[in-house]
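Enquirer: Chain by chain, the residues run as shown.
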Amino acid sequence: MSEIRADRDPHDQAPGDEAAGGHDIAEGVIGYMVGLFLATLLTAVSFFVSQTTLVWRPSIPVALSVLGAAQIGVHLVFFLHITTGPDNVNNVLALAFGVLIVLLVIVGSVWIMYHLNENMMPMVMDAPAPK
Amino acid sequence: MSVAQEPARRDPYGVGRAPRVPFRQLSAEHAEGGVASKRIVVAYGFWIFLLSDIVMFSSFFATYAVLTNETAGGPSGRDLFHLDVVALETAFLLLSSFTCGLANIGALARRSLMYYGNMAATGLLGGGFLFLEMREFAGMIAIGAGPQRSAFLSAFFSLVGCHGLHVTLGLLWLLTMMAQVYAKGYRADIQRRVLCFALFWHTLDIIWVGIFTVVYLTGLAK
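Read top to bottom, the protein sequences are chains A and B.
With the numbering used here applied, the first sequence has no gaps in its numbers, which climb one by one up to 307 at the end.
With the numbering used here applied, the second sequence has no gaps in its numbers, which climb one by one up to 1154 at the end.
No false leads were slipped in.
Derived Cβ-Cβ restraints for the label pairs, each shown as a range:
id: 1; chain 1: B; residue 1: A1111; chain 2: A; residue 2: Y290; range: 46 to 54 Å
id: 2; chain 1: A; residue 1: T229; chain 2: B; residue 2: M1066; range: 29 to 37 Å
id: 3; chain 1: B; residue 1: F981; chain 2: A; residue 2: Q227; range: 30 to 38 Å
It should be emphasised that the hints constitute simulated quantities derived from the structure, not laboratory data.
Only a predicted model underlies this, so the values are computations on that prediction, with no experimental measurement involved.
Even for Gly, the Cβ is constructed at its ideal location relative to N, Cα and C.
Produce the entire structure from the sequences given, and follow the hints as far as they go.
Expert: The following block contains the structure:
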C-alpha cells in the first residue's frame, strides 16, 4: 500500500489533513466513506422527519435542528478532520470562537426580533395577516 | 525524565491534559525548523477565513429566520419549494464533498487518475447542483416570486444566492487547481492550494446542510 506523504508534524495538524503520521490511501478513503454514509443517513432522516405525520408537529423543527447540527458535526470530523486530538487544539479553538459568534448572531437576532414583533402596537395600515 | 516529557509531547499547547511545560522548551521541541510547517500554517489561516465566511453566512441565516413569515400576501416556501429538487441538490453536493476529499488524498499520494478523476467528478456534481439551483431561481422569478416580491423572498434569494455564488467561485477554483497540477505537478505549494480548495468545498457543503434544514425542510414542514 502506498503511503500519503505530506510534511507532517507530530505536534500539530492542518485542518483538512488526517491525523499526523503516515496513512494508507485505503485508510483515508474509508474515513471519507464512513463520513459519507453517516451524512447520507442523517440527511435521509431529516427529509423523512420533515414530511412524516408520525411525530408530534411542534417537535419537527427541533428534530430538524438536532439532525442538522449532528450532520454538521459529521462533516467537521470526517471531511474537515477537526477532531478533539491534542494536535488539533488550535483548529478546535478557532471553531469554538466561530460557533460562539454564529450563535450570538442567530439566536440574538431571532430572540430580539420575536419580542419586538410581540410588543409592537398593532398598526391600522397593516394588511390582515395572510392565512 | 522521559516519563515527564512524554505527556508534554502529547499535549503540545499544555492546555490542561498534561503538566504545563515552559514555552521555550515547548517551541524548541516543536519542530526542527522552529515553528509549525507551512502546510499547517497555511491551512490554519484558511480555516480562520472559512470561519469568518461562516460568520458572514450566519447573518444571512439570521435575516432569513427573522423574515421567513413576512410574505406580504405573496407565496410562502410551502408554495415554492420542491422536495425532490432539494433532495437531488443535497445528494449532488454531498457526493461532491466526498469526491473532493478523495481528490485531496489523490493529490497527496500523487496519483493522477485519482486526483483528476475525483476533481472532475466534483466539478460535474457541483455544476449539476448549480444547474438545478439556477432552474429553481428562474422558475420562481418567472411566476413573479422574485427577490422584490416580499421580505421573505429577498432573504431567501440573498441566503441561497450567496451560497450559489460561493459554489460558482468554487467551480472556477476547482478548474484552476486541475490546471495548476497539470502545469506544475504535485509541488508542495500546489498541494497546499488543493488542501485549501478541499476545505472551501467541504465548508460549502456544511453551509448547505444549514440551508436545506432551515430553509427548505422547515419551510415545507410547516
